[in-house]
Every structure is written in structure tokens, then in C-alpha cells.
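Participant: These protein sequence lines are chains E and F, in that order. End of the first sequence sits at 432 in full-length UniProt numbering; the numbers just go up one at a time, nothing left out. End of the second sequence sits at 184 in full-length UniProt numbering; the numbers just go up one at a time, nothing left out.
Don't take each hint at face value.
As the list claims (entries may be wrong) - One side only, chain E facing chain F, incomplete, derived with CB under 10 Å:
(1) Val-160
(2) Asn-163
(3) Asn-187
(4) Arg-192
(5) Pro-278
(6) Pro-281
(7) Gly-310
(8) Val-312
(9) Gln-361
(10) Asp-364
As the list claims (entries may be wrong) - Examples of chain E residues toward chain F, derived with CB under 10 Å:
(11) Gly-166
(12) Trp-178
(13) Ala-188
(14) Leu-282
(15) Pro-285
(16) Ala-316
These are computed hints drawn from the structure, not numbers from a lab. Positions of the beta carbon are idealized from the N, C-alpha and C atoms, including for glycine.
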Amino acid sequence: MSDHESTYVPKTAVERWMDTRLPIIRFGMDYANLPTPKNLNYWWTFGGILALCLMTQIITGIVLAMHYTPHVDLAFASVERIMRDVNGGWLIRYVHANGASMFFVAVYLHMLRGLYYGSYKAPREMIWIVGCVIFFLMIATAFLGYVLPWGQMSFWGAEVITNLIGAIPVVGEPILVWLRGGPAIDNATLNRFFSLHYLLPFVIAGCVVLHLWALHAAGQNNPVGILIPKDRQKKDMLPFHPYFTVKDGFAIILFLILFAVFVFYNPNALGHADNYIPANPLQTPAHIVPEWYMLPFYAILRAIPDKFGGVVAMFAAIGVLFVLPWLDTSKVRSMRYRPTMKTFFIIFLFVCFGLGWCGAQLPDAPVVPGMPSFNLIDGQLNSYLWLTRLFTAYYFVFFLVLMPLIGLREKPLPIPATISEPVLPSTAAEKA
Amino acid sequence: MAESVVNADGPDGQHGGGDATRRDFIHIAAGAAAAGAGVMVAWPLINQMNPAADTLALASIEFDVTKVQEGQQVVIKWQGKPVFVRYRTPAELKKVIDEGAVGSPAQTDAERTKPGHEKYLVVIGSCTHLGCVPTFNAGDYGGWFCPCHGSHYDASGRIRKGPAPLNLIVPNYEYLSDTRVKIG
Numbered sequence: 001m002s003d004h005e006s007t008y009v010p011k012t013a014v015e016r017w018m019d020t021r022l023p024i025i026r027f028g029m030d031y032a033n034l035p036t037p038k039n040l041n042y043w044w045t046f047g048g049i050l051a052l053c054l055m056t057q058i059i060t061g062i063v064l065a066m067h068y069t070p071h072v073d074l075a076f077a078s079v080e081r082i083m084r085d086v087n088g089g090w091l092i093r094y095v096h097a098n099g100a101s102m103f104f105v106a107v108y109l110h111m112l113r114g115l116y117y118g119s120y121k122a123p124r125e126m127i128w129i130v131g132c133v134i135f136f137l138m139i140a141t142a143f144l145g146y147v148l149p150w151g152q153m154s155f156w157g158a159e160v161i162t163n164l165i166g167a168i169p170v171v172g173e174p175i176l177v178w179l180r181g182g183p184a185i186d187n188a189t190l191n192r193f194f195s196l197h198y199l200l201p202f203v204i205a206g207c208v209v210l211h212l213w214a215l216h217a218a219g220q221n222n223p224v225g226i227l228i229p230k231d232r233q234k235k236d237m238l239p240f241h242p243y244f245t246v247k248d249g250f251a252i253i254l255f256l257i258l259f260a261v262f263v264f265y266n267p268n269a270l271g272h273a274d275n276y277i278p279a280n281p282l283q284t285p286a287h288i289v290p291e292w293y294m295l296p297f298y299a300i301l302r303a304i305p306d307k308f309g310g311v312v313a314m315f316a317a318i319g320v321l322f323v324l325p326w327l328d329t330s331k332v333r334s335m336r337y338r339p340t341m342k343t344f345f346i347i348f349l350f351v352c353f354g355l356g357w358c359g360a361q362l363p364d365a366p367v368v369p370g371m372p373s374f375n376l377i378d379g380q381l382n383s384y385l386w387l388t389r390l391f392t393a394y395y396f397v398f399f400l401v402l403m404p405l406i407g408l409r410e411k412p413l414p415i416p417a418t419i420s421e422p423v424l425p426s427t428a429a430e431k432a
Numbered sequence: 001m002a003e004s005v006v007n008a009d010g011p012d013g014q015h016g017g018g019d020a021t022r023r024d025f026i027h028i029a030a031g032a033a034a035a036g037a038g039v040m041v042a043w044p045l046i047n048q049m050n051p052a053a054d055t056l057a058l059a060s061i062e063f064d065v066t067k068v069q070e071g072q073q074v075v076i077k078w079q080g081k082p083v084f085v086r087y088r089t090p091a092e093l094k095k096v097i098d099e100g101a102v103g104s105p106a107q108t109d110a111e112r113t114k115p116g117h118e119k120y121l122v123v124i125g126s127c128t129h130l131g132c133v134p135t136f137n138a139g140d141y142g143g144w145f146c147p148c149h150g151s152h153y154d155a156s157g158r159i160r161k162g163p164a165p166l167n168l169i170v171p172n173y174e175y176l177s178d179t180r181v182k183i184g
């Protein structure tokens, strides 16, 4: 918590010398001793998992860059060389490629945790906003990295995504040429994407420091979502180490098992076969799809019948997260005590999966095969296009309409005075 | 900044607090110079991302249209993009001319070809929606069909159905001779 007093006493002469010059040991010890609500559940362990993911991506990325060549004629071959000739190159590349997917699995669960337990509400708005910045940087980094192997999906993914900028009225076209470094996606584009793909993870790491700083200042939320009263802090909180380091460590091991299953048994399950075809600017793949973690946003992009409108909707889908703390009007943080909101949250969860599913389908394909349909506006009603539109509408209604309205109208369940009450029902009565 | 300036009053005290002093002038001038220098430093860093001289040097190519057979198209790479040169059959040509001005923006076929060379259509083979390469001789209008998001183009490259906002772009080109065309 913000009023957490430092209890560190430097023991050795070296520690004392350091403490008056650069108190970095004190900082680390304070973090290890940070009072942490004792009722945190396993949804809180994804922070540690994400730190591990970022480190994995940076380390494997640095070594991959030692073997990769960012040139249109050599990029594809250099990746194949990493897979076949570089010692353990196949392992490092599969860890890096699947690591990106694992990173997004963890970040989505981390975000949904924040959403469900109201971790974005006062006094934690800055933790949430910095988190949104990190998420946005992650999307950018993942996209830039996906382009580097210079396969068919890499090339056409870059073509489609950079073309989104061209949709901006008037200035779109010159900006597009500036971004690509030429009239089309080419060597200049690959070169700068490599440069930026190497840079952005360090920017993410910087934002993670801000994210933790903000967390340190405001204190952690907890599943009950109440601020822990000052006089209860001794009873309701535990030092971060060893209690939560061990708990996070256990979660990390489970997570690494899942990670290893992908890397060793099905390393291409989350990729696309077309990316093993070298990039060909004269031939488009029949079906361009992004990686799974971008599919919901890709679906929103396609849902709007107007090019620029689609781009705006897609960015708005991420942008709306930034203002979430001011859209939710409820005084209660945790959805455990908000039955109405909980119901709509579960629907929201299904809608997010639905958007992801729709993003992977051809927009004109029928949802129910063989069912007769009719044309509505510019598409068959029985098509993924219209299903996507339905889901997209709910996505925005959830944030822009349901969040403010339900917060005002809903009658929340009684909230416990302390976190010990729901954790230890038998002892709560005698201690209260 | 003027508030923070320590007033360097002379012994006669005639430089009152509210008046502009030479020091204020130096502050403003230095600030303006710093801002100007900042822009001068930023500009080369921004400009380096614009197309390089060798990229721009590949601005034009020449092509012999007799290589294209009737009813077919040849795809040539120009500035990293595909260019379709299509030799349209008399039936296709008649159809697109009879339709008059359609597409977005509404154009007649004559506006998209060169006089005397109407049978050849030269367009950039990049869907105006998100840049995919449309498939030849497919779709509802007998021109091209973009497999990515389902845009239909006619045999004049005009958008007829689907999300693409514009007709296929006709690049700048000219006929150097009866059969030789210079693109760009």
C-alpha cells in the first residue's frame, strides 16, 4: 500500500554503503515485503506469468536477431536456416513464436480479471491505463514480428494492416507511403519493422515499470474489491514474499506445462500454413487471417461496411478500454456483489469468443448451412458478417451503455466490511 | 517565464516588475531558437522514412502489349505492386462501354483507357479496400473478384459490389508506339 513503511535495515557494510547512494536493495526488499491482500485468488497470478512471458520474448528475440536477416531476398531463407542449421534454433524460434500466443493468453486473462473485479476503479485508474498502453504496444509488437519471416501471411498481413492507414481521409495516402518507405510493402518496410520490433519490447518493459509503480502507490485490489481499513492491515495482509512468490511460482509451472505442450508437440497449431510459402507480392492467399489474438478486432474491422468506419471501429474497440474507469458508474468494485452486471459480463465473455470465431470465418459464409436467408443492407442475414455485426454492437453497448446505466440502477449485494469475513466465515463473527 | 525572472533592477529601480525587460527578450528568443532547432533535428528523422532515391528511381517501366492474348491479362510488377494489362474480348468491351458511367467514382470505360487502344485496360492490380490482388475473370461482373473481403470489379476495373471504396486505379501511362506502353 501507499502508506507501507520501509522496514528494511541494511545489515552489511556494503548494503549500508549502497543504501545512502542508490537504495535499490531497499526498493527490492520493500517490494518483497509489500503487504498483499491475503484473499487473492489464482486470477491474480497472471501478473507474474506476464513478467515471465516478457522476459522470455526479449531473451529469445535477442538471440533470434543474431541469426535473422531483415532483407526481402534473405529473410525467409534466414528463418529456415534458424530452423534447420542454427544450434537449437528451432527451439528458440518455436518458443518465441508460441511465446507470443502465450503472452496474449495471459494478458487477456489478466485484463478480464481486472474487468471482473473492478481493478480499474479509483484509486487504480493509472494502473489500468498504463496496462491498456502495454496491451496496445503488445499488439503493435506482435504484428511487426509476424511480418519478419516474410511468408505469404506476413506479407499480406502487412499489406492489409498498413492499408488501414490509407483509409484516413486526405492525409492517408501520403502517410501510407511514408510508413512503407515506398509505394508498396518492400525492403524498406521489412527493415523498419525489424528495427521497431526490436525496440518496442523495451518500451513495454518501461511501461511495466510504470504499471508496477502505480500498483505500488495505489495498492492491490482483491476479489472482494474493498479497500482494507488501516486497522485491519495486519490481519488481512501478508508479505508478498514468500506467500505470493510461491503461489505465483506454482501458477507459472502450470503455465509452463501448457507452453511446453505447444512448443514440443504442436508448435504450428496457432500459426498459419501459408506463412511457410515465401512472400509473393503478385499473389494473394485465398483467405487472409491474422493470428488468433487479433481475430476479435479483425472481425470488428470487417463488420462495418465502410473502409474508414471499420478502421475507426477497430481502434475504438481498444480505445474504449482507456476510458473504462469513467464509464463504470458503480460504487462497488467486484462483480461478486453485482449480480446484474455479472450476467452481462458473462454475455460479454461469450461475445468476445464469438467475435474471435467470426474473425476466422469467411464473412459471406452462412452461419447455419442450408438455411434460407434474405439480403439485408449489403449482406445475407444468415452470414458471419451479420453475426459479427450483432457481436460488435454488444461489445460497444456493454462498455458505452450497460456499464454507465447498470452502475446507477443496480442494487448490489451487501459488501463485507473486511476481506476476512468471506474468507473465514467461522472466525469472522468472533473477530468482528 | 517572466514571473520567475529575478528583477535585475538598477540602483534607480526604474525597471519595474510588469515591464518587458531585455532578459524577457532573451528568454523568448532562446525558447524560439530551441523550438526551431528541435524541428530542424526532427525533420531528417521523419524524412528518412520517405521513399529513398533508389526506390523512386524505379518509377517507370516499359511493356509490349502484344504479349497479352485476347481474353487474357498479364501481370507485371511495377513499384512493388502488380499491374494488370488486360486484352478484353469484343463482348467484354461492348458490355463495359454499353453500361456507361458506373462504379465509384462513376466513370465510362473511355475515361479509363487511351483513345485507339480501348481493348487494352491497364490498372493497378491492388484492391482498393485493403490491397489484396483480385482474381482474374471472377465475380458477378466478369472482371475481377477480391477473395479477401468479396469486392466485385467489372472488366473495366470499376467497383460494382463489396467493401472496396474505389475503382481499380489506372496508373499514369502512355503509348510510346502502337504496341509499346510506358507505365509511370
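Participant: Next item in the hint list is Ala-316 of chain E. Is there a CB on chain F closer than 10 Å to its CB?
Facilitator: The hint is violated - Ala-316 of chain E has no Cβ within 10 Å of chain F, the shortest such distance being about 18 Å.
Participant: Tell me if the interface restraint on Asn-163 of chain E is satisfied: Cβ within less than 10 Å of some Cβ in chain F.
Facilitator: holds, 4 Å
Participant: Let me know if the C-beta of Arg-192 of chain E comes in closer than 10 Å to any C-beta of chain F, holds or violated.
Facilitator: holds, 7 Å
Participant: Identify whether the interface hint at Asp-364 of chain E stands, where standing means a beta carbon of chain F within less than 10 Å of its own.
Facilitator: Given a least distance of 6 Å, the restraint on Asp-364 of chain E holds.
Participant: Tell me if the interface restraint on Pro-278 of chain E is satisfied: Cβ within less than 10 Å of some Cβ in chain F.
Facilitator: violated, 15 Å
Participant: Any CB of chain F closer than 10 Å to the CB of Pro-285 of chain E?
Facilitator: holds, 8 Å
Participant: Does Asn-187 of chain E pass the interface hint, meaning its C-beta sits closer than 10 Å to a C-beta of chain F?
Facilitator: This interface hint holds because 9 Å falls under the 10 Å limit.
Participant: Mind checking the CB of Gly-310 of chain E against every CB in chain F and telling me if the closest is under 10 Å?
Facilitator: For Gly-310 of chain E, the interface hint holds, since the closest Cβ of chain F sits about 8 Å away, which is under 10 Å.
Participant: May I ask you to test the interface hint for Gly-166 of chain E with respect to chain F, counting a Cβ-Cβ separation under 10 Å as satisfied?
Facilitator: holds, 8 Å
Participant: Closer than 10 Å between Cβ atoms is the bar; does Leu-282 of chain E clear it against chain F? Give me holds or violated.
Facilitator: For Leu-282 of chain E, the interface hint holds, since the closest Cβ of chain F sits about 5 Å away, which is under 10 Å.
Participant: Using the nearest Cβ pair, does Gln-361 of chain E come within less than 10 Å of chain F?
Facilitator: Violated. Min distance 12 Å.
Participant: So, Val-160 of chain E near chain F? Judge it on the closest CB pair being under 10 Å.
Facilitator: Since chain F brings a Cβ to about 4 Å from Val-160 of chain E, closer than 10 Å, the hint holds.
When held up to the earlier numbered hints, the structure conflicts with 5, 8, 9 and 16 and fits the remainder.
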